[in-house]
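Visitor: First to last, the protein sequences are chains G, Z and D. Residues in the first sequence are numbered from 1 upward in steps of one, following the numbering used here. Residues in the second sequence are numbered from 1 upward in steps of one, following the numbering used here. Residues in the third sequence are numbered from 1 upward in steps of one, following the numbering used here.
Hints were generated in silico from the structure; no laboratory data involved. Don't take each hint at face value.
[To be verified] Straight-line distance between alpha carbons at most 30 Å, and here's what the computed DSSO-like set of lysine-lysine pairs gives: (1) G:Lys-98 - G:Lys-291; (2) G:Lys-215 - G:Lys-368; (3) G:Lys-291 - G:Lys-340; (4) G:Lys-226 - G:Lys-98; (5) G:Lys-215 - G:Lys-102; (6) G:Lys-229 - G:Lys-215; (7) G:Lys-291 - G:Lys-166; (8) G:Lys-368 - D:Lys-118; (9) G:Lys-69 - G:Lys-368; (10) Z:Lys-313 - G:Lys-268; (11) D:Lys-118 - Z:Lys-313; (12) Z:Lys-85 - G:Lys-468.
[Said to hold, decoys possible] Which residues of chain D face chain G? A partial, calculated answer using Cβ under 7 Å: (13) Pro-66; (14) Phe-69; (15) Ser-71; (16) Gln-72; (17) Thr-252; (18) Tyr-255.
Don't be surprised by glycine CBs; every beta carbon is placed ideally from N, CA and C.
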Amino acid sequence: MAKRSQFVLAAVIVLSLFLSACTAPPPVAAPAAQQEAAPAQQEAAPVPAVQGEPVGVGGDATGVKYEMKPSLYGGNPITLQLWDWHTPRVEYWEQKVKDYTKMYPNVTFEITQIPGEEYWTKLVAALPAGQGPDIYHFHNSNHTVYIENNMIEPFPVELFDPGYLKANWIGFEEGHFMDSEGKIRYIPYGSMAALVYVNQRMWDEAGLTEADYPKTWDEMIEIGKKLTKYDAAGNIDIAGMDFNGYIEYLFNDMNFQQGRYMYTKDGKACQVDTPEGRNSWNTLQRVYDEKISSPEFLGWLEAFGTEKTAMTWAWTWFSGYMRSTYPEIGFFTLPMPGFKGTELPSSGRQNYEVSLVVSPAKDLERRKVSWDFLHWLYSNDETLVDLALTHDVVPAYKKLWTNERVQAYQTIAQLATTIEFKVFPGEFPSTVDSALRQYIGQNFVSGIGIDQAMTEAQQACDQAMQEKSYWTVERTYLHNDAMIPNQP
Amino acid sequence: MIATRRSPAQAGAKSQSNRIRLAGQRGMIALAVLPLAVFYLVWVGIPMIYTFIMSFYDWNPLSVTQTFVGAGNYLEALTRDPLFKRVLINTAYYTVVTVPIGLILALVVAVMVNSLPRFIGLFRAIYFLPVVTSVVATSIIWRWLYQSRFGLINQLIGMVLVDTLHLPINPSIPWLTSRTLAMPAVMAMSIWKGLGFTMVLFLAGLTSIPSVYYEAAKIDGAGVWQLFRHITIPLLQPTMIFVLATGIIGGMQVFAPMYVMTQGGPANMTKPFVYHLYEKAFTLYRFGYASSLAFILFAIIMFFVFLQFQVMKTRWEY
Amino acid sequence: MATDSPLPTLAPEFAGSAGPYRGRVRWTTVLNYVLLLLGGVVMVFPFIWMVLSAFKRSDEIIAYPPIFFPSQPNFDLLVRVWTEINFGRYFANSLLTATVATVAVLLTSALVGFVLAKYRFRGQNLLFVMVLATMMIPWPVLLIPQYLIAVELKLLNTYWALILPSLYSSFGIFMMRQFMHSIPNELLDAARIDGASEPHIFARLVLPLATPVLAALAIFHFMWHWDSLIWPLVVINTRNMYTLPLGLATFTNQYWTDYAAVNAGATVSVIPVLIVYVVLQRQFIEGIAMTGMKA
């Protein structure tokens with residue numbers, strides 16, 4: 001009896017295997033992405049192509065001037081799917097598509113917002129199944145896997161002129177947005193890096209002025225001492241400079257400042273346990289030793305807005321965070337201090353915020369409309385300024401650095417002056433991120449000695465780099481000649 | 001209700017009613033099993049078999065071609081993955097501590113709450129509240145409790161042990177950043193969060209114990225502890241088996257508490273197995289490797305759940 | 001009815017003290033209350049903090065040290081949660097799908113649990129093992145195959161995509177099977193001798209007996225469904241189909257999470273779960289009455 005039932009079950013399993021071969025894509029097969037997506041477009045009775053009003057046309061930021069077309073998609077109704085995760089940007093797209101559809105009334109958009117990490121979960125499920133969007137927002141931390149597997153269509157050169165972009169935008173000359181064949185796969189809105197954030201009230205109350213702006217880490221520590229406040233028992237009540245929870249990135253920046261790259265040349269290992277790395281660690285240690293901050297103190301993100309620290313160190317998205325969360329706290333930013341008080345060899349790491357991309361899985365006529373929309377968006381100066389300000393980044397289109405709105409934004413105007421001294425390492429895998437956080441940042445706070453920390457961090461970072469091949473481009477840095485020569 | 005139905009005439013026609021009964025049972029079995037089989041086959045069976053097959057491939061869903069690697073993924077997990085042992089130990093540590101403590105605490109609270117003459121409903125609700133408290137509120141409050149410099153726990157320790165008792169202790173205990181303390185800190189939060197859930201299970205189990213058993217035992221002169229030991233515990237056995245088995249299954253697949261509190265740090269001391277697997281799949285796109293990890297975990301859980309079934313069945317015959 | 005239960009006298013005695021029976025109950029009852037109240041503070045405190053935080057300014061929620069009472073009741077957060085996302089619509093979507101799925105799971109779990117526990121048939125144990133086994137495979141690796149099946153079945157962006165996967169619950173089947181074991185066979189046989197048909201026994205005898213466990217399962221399943229994020233997120237594309245957790249997740253942007261708004265939304269979204277709990281927990285008490293009666 002038992003035997004028979006097992007046989008039946010075995011048969012069922014075999015059957016299900018057979019079914020799985022029929023219904024789900026077989027294990028080794030061309031993904032459904034290559035086929036046309038489901039017949040989603042149920043074209044109703046074709047609407048006569050109503051010529052709309054031109055809005056925001058004539059921009060030439062991509063090197064090709066945007067002209068309004070007589071009609072798109074033959075005047076037939078079309079709904080483009082657009083996926084994105086970042087809330088302020090989604091709100092912005094909603095405005096922009098209204099303008100665009102004024103020009104082309106037959107085009108409509110369906111914008112889907114999928115939050116944070118889950119966005120990539122959804123994409124990895126949907127794209128191969130042919131269920132993905134026409135247009136989706138990209139982030140360069142997924143560079144290799146998306147480009148290698150052709151999930152992004154190259155930007156058409158007749159709309160995005162590579163020569164113009166190289167001459168007028170940052171990063172193109174160095175090839176930071178291209179695949180191995182030099183095709184552009186996404187374009188940048190701008191670049192972000194770290195600055196020092198200072199609480200205005202505390203700065204003023206300590207009687208400090210512009211003359212006191214620290215240029216070096218030594219000066220920074222001296223200022224920090226003046227800003228620190230202690231309770232009766234001698235414990236820190238308000239830190240002078242708190243960076244707990246962000247130490248690994250600061251460590252990173254300090255290494256670049258001493259001319260040391262992050263990865264080895266072949267991108268198969270990290271450069272953590274180096275003389276420069278040890279010097280960075282020891283410099284950070286002085287902040288604790290001088291009692292400007294302490295290991296058990298709050299994390300920087302909690303401390304600055306709640307006025308528990310006078311200074312912190314953050315990437316410039318933090319300005320947006322302060323604006324929206326603590327609108328009443330006054331603050332200003334300062335450039336990163338260095339070891340010698342000069343920008344060279346580098347003042348730290350940078351990363352780009354990049355653009356919408358077009359999925360190659362959709363048919364050609366749909367993609368043409370998608371590309372027209374992207375061309376219209378990214379050729380417009382004001383749109384690019386909006387996008388840079390939304391992300392708190394230095395605009396990638398260099399002409400915009402003198403734009404009034406950019407100039408009026410202290411954080412960005414300040415960062416723009418030093419952006420050429422920032423190194424872009426290429427992909428920054430989250431496993432490397434996590435290795436540095438756990439073995440530099442957390443080891444530092446928990447008082448684990450420099451030798452053990454360096455060994456552990458070096459090992460964990462190497463393991464992360466060896467697990468997959470990553471796209472590292474840090475040696476394309478503009479001032480490569482100022483960095484330490486003959487690095488491994 | 002049942003007593004009113006009894007009639008001698010029906011009791012007489014036994015063989016006929018037997019046949020009807022068996023036909024009725026077959027009908028019930030078909031009704032229960034057939035849709036179930038279809039559902040599980042399509043919804044879980046096929047995906048599981050698919051995943052199992054893909055655990056022998058270097059599977060990246062975004063990639064057009066998938067490379068067959070044989071047992072390569074399994075070999076990598078068992079021999080080369082530098083974190084494999086660490087995450088397995090973490091997971092076992094978490095399960096071995098939280099499951100028994102959670103079970104005993106929940107049982108004690110359930111019995112205590114059930115014994116109250118008044119306000120039973122209120123206490124049942126109060127002890128269930130952590131289950132529904134939002135993740136944001138939970139993580140903000142618990143991170144504050146554990147914060148080294150301004151956290152409530154360390155402040156209390158400072159007040160009581162240092163200021164009052166003058167013990168030579170540094171009250172800045174790094175609950176979430178110490179390699180040895182982080183896991184127990186997460187476990188405490190986890191037990192707090194899950195207590196109400198298990199309590200409800202026990203409450204439901206307690207209500208199904210017929211009161212006659214206690215009354216009969218009391219007439220026979222049984223003491224209180226004997227009632228608990230010989231009636232409550234054995235009759236809660238099906239519930240216990242359930243709580244333990246689901247506890248092991250859930251504990252071995254723990255993910256959320258660490259994700260919220262520590263992100264696996266410091267030094268991966270709070271990174272559980274499924275967290276590791278999740279990273280392999282969704283941040284590294286190594287779904288084939290993640291699948292092999294999933295089936296290794298599957299085998300481990302299966303082993304322990306059946307071990308538990310065997311042990312508990314032989315001890316109490318349920 | 002509740003006073004018929006032996007437990008009010010059992011547990012205080014279990015708390016262990018000597019002396020005359022009546023005196024013991026009083027003394028231990030007081031001790032019970034004290035202990036439960038102390039524990040209750042720890043249990044209830046974060047919840048109260050969550051509720052009060054829905055009325056704070058957004059900087060007050062992340063203040064250090066935490067602020068317990070809002071400086072003044074502030075409805076901005078609730079208004080924002082209501083206006084910035086389509087809260088009402090998401091709430092309705094969640095309520096519809098969670099209710100349908102919960103009712104379905106109660107029925108299927110009770111039926112399958114009953115059949116597994118009280119009948120004998122071929123492949124019974126294997127079936128149970130397979131139901132259990134499905135709980136042991138971590139969800140991240142099943143997500144993509146399940147998504148592909150949802151595509152094949154044309155479920156994407158429909159309510160069915162949210163309901164269908166929740167029609168059966170391994171947890172529920174296991175739970176009901178365990179409970180059904182504790183129903184004495186003699187009771188079923190007595191009903192059979194009385195001429196009750198099997199469906200009748202299931203519907204009129206077993207289901208009422210199972211009320212307390214069904215109530216517990218209802219709470220759990222409703223809550224899981226109510227809170228589930230990943231699956232709805234993957235299969236739902238258009239915003240008017242979003243469930244509440246999906247809507248609240250949009251308060252997380254690329255760089256940070258608006259904890260205050262998320263918390264305010266979560267506070268409102270917890271209300272249905274609490275209502276379900278408070279309504280259903282009465283069933284625990286009625287369950288006792290039922291079980292007691294059959295003696």
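Visitor: Please flag the earlier hints that this structure goes against, numbers listed from lowest up.
Guide: 1, 2, 4, 5, 7, 8, 10, 13, 14, 15 and 16
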